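Enquirer: The chain contents come next:
Protein chains: 2
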Amino acid sequence: MAIGEGMIKGTLYGLGLGPGDPELITVKAWRLMSTVEVIAYPKPPSSDSMARRIAAPFIPDDVIEMAIEIPMRTARKPAAKIYDKAAKDIAKHLDAGRHTAFICNGDPFLYSTFMYLHERLKEKYEIEIVSGVTSLTGCAAAQRRPLASRNDIIKVLPAPLPDKALRAEIASGDCIIINKVGRHFTRIRKIINELGLTGKAQVIENATTDFEVVRPLQRIDEDDQPYFSTIIIYKGSENW
Amino acid sequence: MAIGEGMIKGTLYGLGLGPGDPELITVKAWRLMSTVEVIAYPKPPSSDSMARRIAAPFIPDDVIEMAIEIPMRTARKPAAKIYDKAAKDIAKHLDAGRHTAFICNGDPFLYSTFMYLHERLKEKYEIEIVSGVTSLTGCAAAQRRPLASRNDIIKVLPAPLPDKALRAEIASGDCIIINKVGRHFTRIRKIINELGLTGKAQVIENATTDFEVVRPLQRIDEDDQPYFSTIIIYKGSENW
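The listed protein sequences derive, respectively, from chains L and F.
In terms of the working numbering, the first sequence is numbered consecutively and its last residue is 1458.
In terms of the working numbering, the second sequence is numbered consecutively and its last residue is 1458.
Check the hints yourself; a few may be wrong.
Stated by the list, open to error - As a list, the in silico DSS-like pairs of lysine-lysine whose alpha-carbon atoms are at most 27 Å apart:
no.: 1; chain 1: L; residue 1: 1453; chain 2: F; residue 2: 1398
no.: 2; chain 1: F; residue 1: 1342; chain 2: L; residue 2: 1453
no.: 3; chain 1: L; residue 1: 1453; chain 2: L; residue 2: 1418
no.: 4; chain 1: F; residue 1: 1227; chain 2: F; residue 2: 1408
no.: 5; chain 1: F; residue 1: 1408; chain 2: F; residue 2: 1398
no.: 6; chain 1: L; residue 1: 1453; chain 2: F; residue 2: 1340
no.: 7; chain 1: L; residue 1: 1342; chain 2: L; residue 2: 1299
no.: 8; chain 1: F; residue 1: 1382; chain 2: F; residue 2: 1342
no.: 9; chain 1: F; residue 1: 1342; chain 2: L; residue 2: 1342
no.: 10; chain 1: L; residue 1: 1382; chain 2: F; residue 2: 1418
Bear in mind the hints are in silico, worked out from the structure with no lab data behind them.
Bear in mind that the values here come from a model prediction, so they are computed numbers and not experimental data.
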């Protein structure tokens, strides 16, 4: 019998590790990281892996680590090739009966790399999703203001969306969260300003970590462009 | 010196315990529950507390427990009185130097009772917010389908909103999460049907617990009205 043939396959776990504070990982993610044979994580080519950094206190010495290099911004086609290759590499471990955790910051089913692996592997392997604390509520804790209460409408709007869509969506709703701000900061700021909402917007960076910074949008200098930021506009009633 | 006077006040912790599976609590919530003197939680008058149920494996024997009775549906004014009283009761413990955790399912800053206590106590006491896994991503894990990828727009719409607002908001966006469904189920179903989106809607009950049920909306009988449900409509591209 060839290696892997007829063997019991390993399970793939998609583990959300939360927004940044290692203590915000779940008991379940902790338990699974201490029992799997392989821990895989996404990593930008020229910096370290945020997921790996969050997980550091919980990664056993004898686990097989697997860094998957994923460029921060990629067109769909080259990205698909990277995911195909990563899925194949993970499949090798699963076929050999090794339980494998793919760890990611936030939640595995919310704007995460894991979804692309899930899509490629779900037909052939057992996959368990372990939800994590998202940066959405991590940012709410950071700014010390609730996201939404009662019948407030929440919207999550990725900053790369076209101006027209952003304008239309920001115009209605109570709590507007703009994520993936990156190089779009100046453009987003302009839209928020045009809608007269600058006074209601906060800019949050590195929520729940030692480098957490929360600033009102109106106090950020024109030449300052916080790249890794989330913007939260709260238009709801603050009458609790 | 009278009791409480000049003493170091206790800290209030707002602890999110996640969507239902006790293993989805964070390491931080676990640590804090084992160190505080008082654990408070909301409780409907005629049933047990969901937060207390999630926390059960982690509550120390010698902690002071404090159940705060909060009716499921209340007009604003009587609710405000209940929160005033609860805040006063918690303040007594804090004044006596006792660290107190208020536990809630999900996240303390997302449609939670804790926000009303936070508002009443934040000027006088030190408060720390510990984010939790929300039922939003718990539901995504339950239905084994990502909430959002790439530039998908997410909306969270409380079901008690008027038809007109719901219709307008559901019409745009990629992932629509309708929470607080309760007695609004039939009305919401009708709106989704009119928008031609029934085939894209899933109904999730008790996500991440032993009683988890996920059903396509179109397979739910006319006379069935799942009260404790969340409806997720996914209109985005499933091309990963």
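Enquirer: Now tell me, hint by hint, if it's right for this structure.
Expert: Comparing the hints with the structure gives:
no.	hint	verdict
1	1453(L) / 1398(F)	holds, 21 Å
2	1342(F) / 1453(L)	holds, 26 Å
3	1453(L) / 1418(L)	holds, 7 Å
4	1227(F) / 1408(F)	violated, 52 Å
5	1408(F) / 1398(F)	holds, 16 Å
6	1453(L) / 1340(F)	holds, 21 Å
7	1342(L) / 1299(L)	holds, 19 Å
8	1382(F) / 1342(F)	violated, 41 Å
9	1342(F) / 1342(L)	violated, 56 Å
10	1382(L) / 1418(F)	holds, 26 Å
Going down the numbered hints, you'll see the structure goes against 4, 8 and 9, while the others check out.
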